[in-house]
Amino acid sequence: MPLSGAGPLNTAYADLQLRRTADDRIVESEDISNIVVFHDQDFNTVPIRQAFDFASCFGKLHMVHRGLDDIGHDKFLEIRTWPVSWHNDVSYELQPPRTTFLFVINVPEARDILLANQVKAYERLSPAFRQ
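Going by our numbering, the sequence shown runs without a break in its numbering and finishes at 131.
Just so you know, not all the hints are guaranteed correct.
Claimed, not checked - In silico SDA-like links for lysine to any residue, alpha-carbon gap of 25 Å or less: (1) K60 <-> Q41; (2) K60 <-> R124; (3) K120 <-> L16; (4) K120 <-> R130; (5) K120 <-> G59; (6) K120 <-> P96; (7) K60 <-> V104; (8) K120 <-> F103; (9) K60 <-> Q95; (10) K120 <-> I105; (11) K60 <-> L16; (12) K120 <-> L94; (13) K60 <-> L18; (14) K120 <-> N106; (15) K120 <-> L102; (16) K120 <-> F38; (17) K120 <-> A12; (18) K60 <-> E109; (19) K60 <-> T45.
As the list claims (entries may be wrong) - Label-pair ranges, simulated between beta-carbon atoms: (20) I48 <-> A12: 22 to 30 Å; (21) L125 <-> Q50: 38 to 46 Å; (22) A128 <-> P47: 48 to 56 Å; (23) N117 <-> F58: 27 to 35 Å; (24) Q131 <-> T45: 46 to 54 Å; (25) E123 <-> F52: 27 to 35 Å.
In case anyone wonders, no lab produced these hints; they're calculated from the structure.
Built from N, CA and C at the ideal position, the CB exists for glycine as well.
Please put together the full structure from these sequences, using the hints given.
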């Protein structure tokens with residue numbers, strides 16, 4: 001059940017373990033907005049293959065690689081230690097992915113995770129700047 005007051009960019013759900021819920025209603029939900037938050041997930045306690053299997057319910061997986069040796073599942077969950085990082089979800093492609101999964105294992109104490117809607121940012125640009 002969605003939480004109320006989740007904000008203009010996102011829908012938030014509580015009391016639902018995604019890896020145990022192979023439910024087409026989640027995959028096809030019209031209620032899903034730009035960002036969907038599922039609190040208190042336990043993906044960090046399951047084999048990576050199981051997490052990939054769940055994510056595959058939403059379509060073909062697109063791996064984000066950070067370097068030449070960052071290939072395959074072995075490096076996928078390698079701990080990143082830098083405090084600032086930027087990632088975009090291949091929105092430059094003609095058909096960008098419908099869904100992106102971000103799993104945060106250690107939420108920063110200040111809870112300072114920034115999420116942005118690139119579609120809205122583009123729409124707010126002047127027509128001249130868009131060209």
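To see whether the hints hold, each was checked on the structure:
{"no.": "1", "hint": "K60 <-> Q41", "verdict": "holds, 22 Å"}
{"no.": "2", "hint": "K60 <-> R124", "verdict": "violated, 31 Å"}
{"no.": "3", "hint": "K120 <-> L16", "verdict": "violated, 29 Å"}
{"no.": "4", "hint": "K120 <-> R130", "verdict": "holds, 13 Å"}
{"no.": "5", "hint": "K120 <-> G59", "verdict": "holds, 24 Å"}
{"no.": "6", "hint": "K120 <-> P96", "verdict": "holds, 15 Å"}
{"no.": "7", "hint": "K60 <-> V104", "verdict": "holds, 22 Å"}
{"no.": "8", "hint": "K120 <-> F103", "verdict": "holds, 23 Å"}
{"no.": "9", "hint": "K60 <-> Q95", "verdict": "holds, 12 Å"}
{"no.": "10", "hint": "K120 <-> I105", "verdict": "violated, 28 Å"}
{"no.": "11", "hint": "K60 <-> L16", "verdict": "holds, 23 Å"}
{"no.": "12", "hint": "K120 <-> L94", "verdict": "holds, 17 Å"}
{"no.": "13", "hint": "K60 <-> L18", "verdict": "holds, 18 Å"}
{"no.": "14", "hint": "K120 <-> N106", "verdict": "violated, 29 Å"}
{"no.": "15", "hint": "K120 <-> L102", "verdict": "holds, 20 Å"}
{"no.": "16", "hint": "K120 <-> F38", "verdict": "holds, 23 Å"}
{"no.": "17", "hint": "K120 <-> A12", "verdict": "holds, 20 Å"}
{"no.": "18", "hint": "K60 <-> E109", "verdict": "violated, 34 Å"}
{"no.": "19", "hint": "K60 <-> T45", "verdict": "holds, 23 Å"}
{"no.": "20", "hint": "I48 <-> A12: 22 to 30 Å", "verdict": "holds, 25 Å"}
{"no.": "21", "hint": "L125 <-> Q50: 38 to 46 Å", "verdict": "holds, 41 Å"}
{"no.": "22", "hint": "A128 <-> P47: 48 to 56 Å", "verdict": "holds, 51 Å"}
{"no.": "23", "hint": "N117 <-> F58: 27 to 35 Å", "verdict": "violated, 19 Å"}
{"no.": "24", "hint": "Q131 <-> T45: 46 to 54 Å", "verdict": "holds, 49 Å"}
{"no.": "25", "hint": "E123 <-> F52: 27 to 35 Å", "verdict": "holds, 33 Å"}
Going down the numbered hints, you'll see the structure goes against 2, 3, 10, 14, 18, 23, while the others check out.
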